[in-house]
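Chemist: Okay, here's what each chain looks like letter by letter:
Protein chains: 2
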Amino acid sequence: MKLSCTQENLNKGLNLVSHIANKNSNLPILNNVLLKVNKGGLTLVTTDLEIGIKVFVRGKVDEEGEFTVAAKLFNDFVALLPRENIELEIEDASLFVKSQNQKTNIKGLEAEDFPLIPEIEKENEVEINIVEFKRALNQLIFAASLDSSRIEINAVNFNFSKDKLVLAATDSYRLAEKQIKINNNEERSLIVPLKTIQELVRILNDQEKENIKLYFNENQIMFVFDGVELISRVIEGKYPDYQQIIPEKFITNAKCAKDKLIPAIKSAALFCKQGINDVRLSFAKDEIVIASASSGLGENVIKVPAEISGEENDIVFNYRYLLDGLLNLGSQNLNLKINNNNTPGLLTPESSQDYLYLIMPIKQ
Amino acid sequence: MKLSCTQENLNKGLNLVSHIANKNSNLPILNNVLLKVNKGGLTLVTTDLEIGIKVFVRGKVDEEGEFTVAAKLFNDFVALLPRENIELEIEDASLFVKSQNQKTNIKGLEAEDFPLIPEIEKENEVEINIVEFKRALNQLIFAASLDSSRIEINAVNFNFSKDKLVLAATDSYRLAEKQIKINNNEERSLIVPLKTIQELVRILNDQEKENIKLYFNENQIMFVFDGVELISRVIEGKYPDYQQIIPEKFITNAKCAKDKLIPAIKSAALFCKQGINDVRLSFAKDEIVIASASSGLGENVIKVPAEISGEENDIVFNYRYLLDGLLNLGSQNLNLKINNNNTPGLLTPESSQDYLYLIMPIKQ
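Residue numbers (the working numbering), protein chains in the order written: chain A, -14 to 349; chain B, -14 to 349.
One chain only, chain A, in its complex shape (with noise of 0.2 Å):
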């Protein structure tokens, strides 16, 4: 193996599989980036099992081969090189890297004992705008169960129809549901690992322009995008049938500002009794009055200017789920609607239909 390229594209490449690769410790080589050299460049594969990500780096090919070493280390210390080109060789179980001040060689294993990325059949291709693709994913990951012993919800759902992709994660506290149009042939539900949703949100770059491919089976699910393939495994079973649980009337509406909300609430959370999360909202005339209060810190109340529609009510909400879905509600304005302390409340943006956030009030 032999090959030159430059520190800029051989640094952005191992940033973005380098960060897998560094959690593995029991079977050592999970720890290194395999690096193919053929014809057409150099391809930097890490994998954990359960992910494998792929990246393409060009370069000039003297010789092909492959060769496997850690992959921080050899992240960390390309990141240090100046940019220039930087050559690449395998001598005696090391890699060589020679740039113009320098020469370097680092200890690896042999590529054969890397084990086997899957691949995917490309038949079924959905499209997506990266940009509004890695908005929707950080709308949910937040709501996901942190849980890994409850494996379906220990993900985020990602259900495919003719026209919408419906992108939904919940902790049965909480839920979050985001839809977005697609053009797809292949009907399927699937369960997507939360590891890999934060690995693909981590990587995932800003290019307005750019789109991001979908490729799925029953077994596994690709992300393409930007000379990046992302592979993981989809999770066995079934999620929750949360349609079920959305109310279809609310006897209370508030529309308010959310700009105005969140400190109120985070006020409100400053003096809750320790180790309990409640705060009470009051939907009064022209208002949500926020209160909470704790004998040893004081009382606070404060109050939301908002238009109430519905008859006057009040509720009881864990503070830090409803920060969640107003700090990512991607919205000015947002619809809060109630019934009572029994069913769930839905928060909505007040300017579009894609996205929902329904929370589990708090029994008094």
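Worth flagging that the hints you see were computed from the coordinates, not collected in a lab.
Careful, some of the hints might be misleading.
Copies of the same chain are indistinguishable here, so a pair counts whether it falls within one copy or spans any two.
Lysine-lysine pairs mimicking BS3-like chemistry, simulated, CA-CA at most 30 Å apart [said to hold, decoys possible]: (1) Lys288 - Lys348; (2) Lys166 - Lys251; (3) Lys88 - Lys198; (4) Lys240 - Lys(-3); (5) Lys119 - Lys107; (6) Lys258 - Lys(-13); (7) Lys322 - Lys119.
Keep in mind that this is a model prediction, so the values were computed, not measured.
Please build the complex by placing chain B on the supplied structure of chain A, with the hints as guidance.
Modeler: What follows is chain B alone, placed relative to chain A:
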């Protein structure tokens, strides 16, 4: 006690004082901020018994008086209020805070239990530009010992002579010294706790045109700027007589560029044996060659262009100490002077005579 002031002024004042109040848990009133209202306005006071901070906040006074409330809670709460006028009033052992859309009461403790902050006679005054002073402290604090049992060097030394202030910090492995021109009448050497300097650096602003005023006696030092008074005890004892260990002559001198040397040292650091921070620097004709190796990782050799005068030579440094000095040098070009592995190396900026950084080499 009754007063009104703007959210902006109160928030700014609380941001300055509340940090040191947060750290005390044994004596509950030390978690609190003292609010002292007299004719001119509101004075906020916090202390940890070693450091005291007073900040003056302008306001409209309706009734003089004083009270204390939890500093962190009050600071977090005021930060969330909109930029409006705020009314503060004491009633029933609580601070009542009112503004347009909210009313809050915060439980507190009577002011009479709050410790007295010592005063200093303002006879001798030393004035220094704030930005120059902050930059000087930042060039020193990283070199001070973090070992709180070595109180004389868990500190920064202030040596006031007629026309200059010489600041020094050391942990016995390396030493940083900075000189500042001043006009001063009272010669004195004072050991100021590192914690005081860290707090000072945290709250010093970056107002190019403002000066900070220093007052001191044999027991205390006070820093006054922008409505803030920070007073600290000084440490009894004798600061190490470091002048005697600065070599008068050097065998080898290298002039080189910081932005070439820093990545080279960082790169060598990646290939150090685990837990050992040795990096070898060889001074040859027109370069410094930096090398490190570890049987498990590989080896790394980098050449940094340099103007070498004197003899060819080599030395081993702990890369962390060398990097600390390089990163805080405040100049692109530098001189690195060495003798042998038994006497310290000297790092200075090429452009100025007011800063030096001394590092002990590692004996091989």
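Chemist: Which of the numbered hints above does this structure break?
Modeler: 2, 3 and 4
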